[in-house]
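Chemist: With chain H's structure known, arrange chain W on it following the hints.
2 protein chains.
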Amino acid sequence: MTQKAFQDYYDEDVSHCYGCGRLNNHGLRIRSFWDNDQAVCIYYPNPYHSAIPGYVYGGLIASLIDCHSTGTAAAAKYRHEGREIGTKPSLRFLTASINVDFLKPAPIKGPLELRSTVTEIKGRKVVVETQLTVDGLLCAKGKVVAVQVPEHFFNNKDQK
Amino acid sequence: MTQKAFQDYYDEDVSHCYGCGRLNNHGLRIRSFWDNDQAVCIYYPNPYHSAIPGYVYGGLIASLIDCHSTGTAAAAKYRHEGREIGTKPSLRFLTASINVDFLKPAPIKGPLELRSTVTEIKGRKVVVETQLTVDGLLCAKGKVVAVQVPEHFFNNKDQK
Numbered sequence: 061m062t063q064k065a066f067q068d069y070y071d072e073d074v075s076h077c078y079g080c081g082r083l084n085n086h087g088l089r090i091r092s093f094w095d096n097d098q099a100v101c102i103y104y105p106n107p108y109h110s111a112i113p114g115y116v117y118g119g120l121i122a123s124l125i126d127c128h129s130t131g132t133a134a135a136a137k138y139r140h141e142g143r144e145i146g147t148k149p150s151l152r153f154l155t156a157s158i159n160v161d162f163l164k165p166a167p168i169k170g171p172l173e174l175r176s177t178v179t180e181i182k183g184r185k186v187v188v189e190t191q192l193t194v195d196g197l198l199c200a201k202g203k204v205v206a207v208q209v210p211e212h213f214f215n216n217k218d219q220k
Numbered sequence: 061m062t063q064k065a066f067q068d069y070y071d072e073d074v075s076h077c078y079g080c081g082r083l084n085n086h087g088l089r090i091r092s093f094w095d096n097d098q099a100v101c102i103y104y105p106n107p108y109h110s111a112i113p114g115y116v117y118g119g120l121i122a123s124l125i126d127c128h129s130t131g132t133a134a135a136a137k138y139r140h141e142g143r144e145i146g147t148k149p150s151l152r153f154l155t156a157s158i159n160v161d162f163l164k165p166a167p168i169k170g171p172l173e174l175r176s177t178v179t180e181i182k183g184r185k186v187v188v189e190t191q192l193t194v195d196g197l198l199c200a201k202g203k204v205v206a207v208q209v210p211e212h213f214f215n216n217k218d219q220k
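So the protein sequences, as listed, match chains H and W.
Numbering of the first sequence is given in my numbering, commencing with residue 61 and proceeding in unit increments.
Numbering of the second sequence is given in my numbering, commencing with residue 61 and proceeding in unit increments.
Hints are supplied without guarantee of correctness; some may be wrong.
Since the list gives no way to pick one copy over another, a pair counts as held whenever it fits inside one copy or between any two copies.
Distance condition first, Cα-Cα at most 27 Å in a straight line; then the derived DSS-like pairs of lysine-lysine [unchecked claim]: (1) LYS203 x LYS185; (2) LYS185 x LYS64; (3) LYS164 x LYS182; (4) LYS164 x LYS203; (5) LYS185 x LYS201; (6) LYS201 x LYS182; (7) LYS185 x LYS164; (8) LYS201 x LYS64; (9) LYS164 x LYS201; (10) LYS164 x LYS148; (11) LYS148 x LYS185; (12) LYS148 x LYS64; (13) LYS182 x LYS169; (14) LYS148 x LYS182.
No lab work stands behind these hints, which were simulated from the structure alone.
Pulled out of the complex, with its shape left as it was, chain H reads as follows:
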């Protein structure tokens, strides 16, 4: 896939997150994209990401929702400000809170599809709601309150 993901625009020095950092060789390296007004992430779980046999471990589901939501929050804030994603100053978000309701066990044969809607943008806060499906079966719902990382966190070189 040649299309750039939200995470491909993260500054290099903050691209080591286990969930979404493209430079973390041990991590999940999720990739998120716009599909009109929804943000989508497809993830293929590994066999060892199991909970009870045959089903995906809930911690992975929470992790995917978490990182996909912070990426979506940043992309949405760029849109909201009428800016191209990745332009400086960088917009990055951290999770203030996450809630996941596990509705059905998610078959590990995957792929897992996360489809998110931004339900609120206010000041430094962005709320992202997500549905996780496997082959059309709704398995989990998530809600993340993401908060923008203060600008002074980034190196000055990035503030051009």
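Modeler: Relative to the frame of chain H, chain W by itself:
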């Protein structure tokens, strides 16, 4: 440590969970113990479990809270029924919902200490509330609603 953890009592065929299965060689293999009425888990994050540099990735924190809580729910239900942990029929729990509030970034130097209290046991439901600290600093709070796995899930051989 020679003391048996909650997870050491899980039946072999349900001990492959990425978070808490002692037989999952890729997983976190968390271990939980009673400390009087609280359940405690100590986890040493790996350097690659980072979020922003120097701090623990939130998905790991959610994963630890998740699996530690389901283990605690089972141990608490055994206690509640006046039974020795690990006796048959097996008591195992799945997560119905998880909520995590991230209060401060958790330094990755660790160790992470999870300390949980069971706040409700009603029918098949157990609610577990957790505080996660690093060197005494409260970094996250979690709440898990755990639901008992139906008995018919286990093999008949385990129902003696």
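Chemist: All the hints need checking, so say for each whether the structure fits it.
Modeler: These are the hints, each one checked on the structure:
no.: 1; hint: LYS203 x LYS185; verdict: both (13 Å within a copy, 22 Å between copies)
no.: 2; hint: LYS185 x LYS64; verdict: within (25 Å within a copy, 44 Å between copies)
no.: 3; hint: LYS164 x LYS182; verdict: between (32 Å within a copy, 21 Å between copies)
no.: 4; hint: LYS164 x LYS203; verdict: both (17 Å within a copy, 19 Å between copies)
no.: 5; hint: LYS185 x LYS201; verdict: both (20 Å within a copy, 20 Å between copies)
no.: 6; hint: LYS201 x LYS182; verdict: both (22 Å within a copy, 24 Å between copies)
no.: 7; hint: LYS185 x LYS164; verdict: between (30 Å within a copy, 16 Å between copies)
no.: 8; hint: LYS201 x LYS64; verdict: within (26 Å within a copy, 35 Å between copies)
no.: 9; hint: LYS164 x LYS201; verdict: both (10 Å within a copy, 25 Å between copies)
no.: 10; hint: LYS164 x LYS148; verdict: between (41 Å within a copy, 26 Å between copies)
no.: 11; hint: LYS148 x LYS185; verdict: within (19 Å within a copy, 48 Å between copies)
no.: 12; hint: LYS148 x LYS64; verdict: within (17 Å within a copy, 52 Å between copies)
no.: 13; hint: LYS182 x LYS169; verdict: neither (38 Å within a copy, 34 Å between copies)
no.: 14; hint: LYS148 x LYS182; verdict: within (20 Å within a copy, 52 Å between copies)
Hint check: a violation occurs at hint 13 only; the rest are consistent with the structure.
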